[in-house]
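Engineer: The residues making up each chain are set out below.
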Amino acid sequence: MSPLEQLVYGYNHVVLAYFALMNLMYLVLLYHAGRAMLDRVQRGRMEAIDDLLRSPLAPGVTVIVPAYNEQECIVESVRSLLALRYPRFQVVVVSDGSTDETVARLEREFALEAFPRVYVPDIPTAPVRRVLRSRDEPRLLVAEKVNGGKADALNCGINLADEELVCAIDADAILDADALLLSCRPFVEHPDEVIGTGGIVRIANGCRIEQGRVEEVALPRSRVAAIQVVEYLRAFLTARAGWSRVNALLIVSGAFGVFRRDLVRQVGGYRVDTVGEDGELVVRLHRAMRDAGRRYRITFVPDPVCWTEAPESLAVLRRQRNRWHRGLAEILWFHREMVGRGRYGAVGLVALPATIAFELLGPVVELTGIAAVAAGWYLGLLSVWFLVAFMLVSLVFGMFLSVTALALEEASLRRYPKLSQLGGLVLYSLLEQFGYRQLTAVWRLRALTQALRSKHRGHWGAMDRRGLVRGR
Amino acid sequence: MIVAVELLAASQLAVIAALAVVLTCRRIAIARAGRHRRLLLDRYRDAVVEFVGLDDDEPPASLTGLRTAEQRSAVGELLAEYTGTVRGESRSRVAAFVTEHGYAAAAERDLRARRSWRRGTAAKTLGDFGVVASVDELADALRLDASPQVRVSAARAIGRVGEAQATADLISACAMGSVPAGIVAQALLDIGEEALPWLLGAIGSPEQRVRLVACRVVGLMGVGAAEAEVVAALDTAATTDPDVAVRGAACHALGRVGGLDAALAVAASTADHEASVRRAACDAAARLAAPETAAAVTRALDDSDPEVRRAAARAAVLLGVADGSGSPFLEEAEAELAWGWR
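Read top to bottom, the protein sequences are chains A and B. Per my numbering, the very first residue in the first sequence carries number 1; after that it's consecutive. Per my numbering, the very first residue in the second sequence carries number 1; after that it's consecutive.
Just chain B, same shape as in the assembly (with noise of 0.2 Å):
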């Protein structure tokens, strides 16, 4: 007994010295190793920043016929940082030359690394290139990756790229459960207004999750009141949703779009029975300010609810229809009015 007592507290002690040991070797190294990546890094900076910064096709000579895979890494990475703060010519501009000298190819082939944390930066890498060739790529990463955390990270690059060939597969993760919905809602939120036709479908989606980004992403995507469609599924879900969070979230995504339809709705949705959507439809009337909201925030202010009180006088106040009503909610909100807080 006391030699196994023994042998236990010896075996721990050798951990904690093996350990203590490692830990101090690992620091030198990481340190010696940052350094060094830090002087590559520092060697071809400005390089890449000008390349990236400037409408000049001819990349610097210093970018192009780097012989030391260390270098290229060093020069990718610093091109993946630098292109994806850039749009439009420019972001177009590197995607070629990443394409043309192997970059992208390299990060493609890194998608099917043995390792995952390799594979995610790969698409990491690939989402911040923006290069349009490789959303297939990440699109079968999204949808066939063991790893939770490459999924995600495929999820973002695709987003990050704003095509929208794979917003479908983005919508499908997102019902499947195997990418996290925020990951989800952002990349269509980044794809734009061109995922605006499957997300339309979504609004429609048997999946809870499903309805409730596209009604979140539609809202926040700035689409106009134009698009009647939109109107017309928002105003399905904020009336009809058996879920609360998605009748609320439709009513804030109808606040957004604007336009008489789109009021006509948010007044329909003060009487729903959910205090959280009566009071989500409150906001939304006040962002509208829409005359034919007037008689439903009207009636708001006596609901039964606190919470849809302050958001129905604050609605009101914005209105111009608070008189006469007594309610202290409107004092609150004029005071806010007043100091130009809304």
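Chain A with its partners taken away, still in its complex shape (with noise of 0.2 Å):
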């Protein structure tokens, strides 16, 4: 064999030794996410929210909204947030150097007049011009600002918050009505144990919306947002739900998280220098956490929903992943030295590990297995039947994993109603795996040679939005 030979074989044989270890970590984690939808489901007979409605040991909660130019969709995204079901909140908006209508749309809606508010920069921020409230509706609280990235208005909205939780929530993005409360269930249960929570967050493209409400459940007409379904249902329900069961949840998504603002602001609140500040706050938390060598928890809930427009564009799916990989990127090298050390647990033994190898890594070693085994074949080192049978087992496997997300959502929460939606989630399933997932794969390596580069930090996701809470 010659040397060329010698490296295309060997390469072969790690990509399979790779693709074995992935799928058995996968495994695993199904094996967690199964664990506890059943516990969900269990648990959904024998308790009633309601009782959480009325009891005064709910916390009360401040929803922060960072808004850059959302005049289109601000005022109903912000009365659909007062309309939640629970006990005690205030909505915190922090427009965040918006140079269109957003404070002004607010102010007419709301009655909005100047408070002399004092603003301490526990966390520091760019500096707040002005604090607006409404007489009629005191639970209402609107920053201006100026501009410092969606973090640094997350920031702001920390430092104005006078409840024991905050909950970050994306301007356009639209919460079910029990959302917040049962986003803050476990804060009531473990009150010294919880600091973080993180719902599920579905596409609501297709859907019917009504007053900023989703009011039926539909499948995306675009395939592109259809097949993100799928996707975001596999994310939550196996990845979250697996890896929150052994308190290594790395990410709690940006749309919708609620965490201690006291921890929060201990910890110095959102990081501005990188896009996956959601992320990188979460590993923050796990590592001063045990540091501290305190006993808590970071959780996912499956339960409440919130509902966010997925691209459907390939070309803002790409800025998208873009953004979401140099995140993790900058998230994992921020954090570089929990990788491997036991003082971390889970989540610098297991979870960290992991994420780098399968999930930073993966678009590499995904292609350039294609790459290898396509040259294992040209050199005559394989044959034509085990390229097909590798590449076979690859997508099988691909699917498998998302036909059996599926299956957690029909066993637990069902929240497709009609049999056609299911079976044309099967159907996404299947055509994920051809085109789109190799597609993602090239969009990731790029984005991760951008990380290395250290380019595009700090900046708000711009993504050319159809307005969801507006209607359709």
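Worth flagging that the hints you see were computed from the coordinates, not collected in a lab. Every value quoted in this text rests on a predicted model; they were computed, and no experiment measured them. Mixed in with the good hints there might be a few duds.
[As the list claims (entries may be wrong)] Some but not every residue of chain A turned toward chain B, in silico, with C-beta under 8 Å:
hint, residue
1, 42
2, 46
3, 47
4, 115
5, 116
6, 118
7, 120
8, 189
9, 397
10, 399
11, 400
12, 404
All C-beta atoms, glycine included, are put in the ideal place defined by N, C-alpha and C.
Join the two chains, each given in its own frame, into one complex according to the hints.
Structural biologist: This is the structure:
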């Protein structure tokens, strides 16, 4: 065998081992996710959520809505947030140097007036120009500040928060009426342990939305968006539910997460020099709590739903995936000292190494693996049958994970009411494997190279939105 | 090697196909069973609502003499659902009915079922029925059941029944960590003032989480300042407890209890070395609005921590001791008061 052949042959073995390990990890996650969802089903039979609504033990929540040029959706979004079912909460909108009518529309709609609020920058932020409040709706506070990015706006909201918990939510996201109630329940039950919770984010494209609420769940008409429905279900119901069960959840979605305000302040709030500020905060909280030797939990709660608009064009999707993967790379770089260290428990020993190996480097191995298997065949090292069998097992396993995520959804939450929708999701889990998966791998590989060059940090992720909360 | 990989792919495909078939069949079966159950529930709903809601000792004829287990299960479910929403005489009347007609006994039997979800559901049903005689069974489930979810359900149910006899079991479940602290706190709140003697003892517990729960519950219970023992216990916790969270919770509780002794204890806590306790003391002072806290609140206006200064300003404005300080937090607090938020 020539050195080239030896290299290709050896690399093929590496790819095979990598693939086997990755699948093993996903199977373990699937097992934990299955147990978590089973617990959830059993629990649902034993308790009524309205008890919490009446409970004086429910902690107060400040819902923070960072907004940058959100004039199309901000009024309806705030109105729908103020209508959430929760005993005690305030809404803080932070306009991060918006150049459109975001603040003006809020001023008109809610009769806002300047309020002499003392701004205490516990977490340093760009200057706050003014704070507005409404005499009619005391739960609403609006801050107008100099542009500093999404993380900076969130930090401003945390500085202004009065309540014990802070909930970060995207301005264009839609929460189910009980979402806050459900995501705060772990804080009520384990007040001494739970420091953060994240709910499931679902795709609202195609759903019927009226007055800031999802009234009828449906699949998107766009195939690109429909495939993302399957992707999201897999990510939340398998990966996040699984990692959460071993208290190694590394990401709570920036679109909807609840945290203890005092701890977020203690660790310094959101980092402004990354595009992955949501995940970075979670990893930093893990780190701080484990460094302090404190018992804690960051939990994924499958019931509370946040609806968001998914990109329908490949160009916008590419930008989104690029941002996510760069964010992931930055998080892992910032916290590289945690990797493989026993003092960080399951986070340091399992979740971070697995995320590096199978998420961060996934596209590298996937694309070079395809090339290596093809080269092996070209050089006569592998038969065409092996090539076909390997590709088949790789694609089928991807589909297997998606279908099992659908099974978890079906066994527990069942948010897609029609049988045809279920069939559609199974079909899209098949379609995802042909082209879409490889395309996102290419985008993520490109994002990784950009992250290595440390470009594009701390921006607002611009997305051409169609405006969900205004209805369609 | 190729054969192994092919076998793997084939087995995965088989699993996917099987899952797709199972999902479809299950969806159809659930829809059919759901329709059938809804019809059954609808048949008895009006009778149950009438029986639970009206002051009539005689149950409607349609609720007695049910023959099939399915009918009894539907009526039991409706009784649990609606009884959980009423109090007083109506609740006692339904409790007598479910005891006489065997619904409570059936749920008690289910507390020993093999499947944990059946035991948990039975505990919930007993809590909704509000049958006092079931509390011992529920306490056993709270102490002995292997499933955390069943223990949680039993704790909730004990609270819903509202009898104090299992209070000690609740507190010890909290101490052992076998039931989450928040669940125990809610159950104790549901039991109400009858649980007070145990709660006063719990404020001095060696377990931090028990002390914390006790302070929070006593504060939220609405016990009056006439209960000198309560104020004394909270005073001790607010000033001497080694745990910051417990001291803060005790301050909040003192603010709700009210009275001269509570005000003096709160004033003392405004000098605590932890900012979160000082803030809690200022919040309590704002709630008490007692002149005995005025000097302490005025001092707190110059606290090193801005959160404490904000809380002190709110209290100072309510107490009318804000003049001449020049703190920007006072302007904020005055605006809040003027706009009717405090």
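Engineer: Each hint needs a verdict: does it hold in this structure or not?
Structural biologist: Hint check:
1. 42: holds (4 Å)
2. 46: OK, holds: residue 46/A within 8 Å of chain B, min 4 Å.
3. 47: holds (7 Å)
4. 115: holds (6 Å)
5. 116: holds (5 Å)
6. 118: holds (5 Å)
7. 120: holds (4 Å)
8. 189: For residue 189/A, the interface hint holds, since the closest Cβ of chain B sits about 4 Å away, which is under 8 Å.
9. 397: Holds: closest Cβ of chain B sits about 6 Å from residue 397/A, inside 8 Å.
10. 399: holds (6 Å)
11. 400: Holds - the Cβ of residue 400/A comes within 8 Å of chain B, reaching about 5 Å at its closest.
12. 404: At 7 Å from the nearest chain B Cβ, residue 404/A passes the 8 Å test, so the hint holds.
Going through the hint list in order, the structure satisfies each hint without exception.
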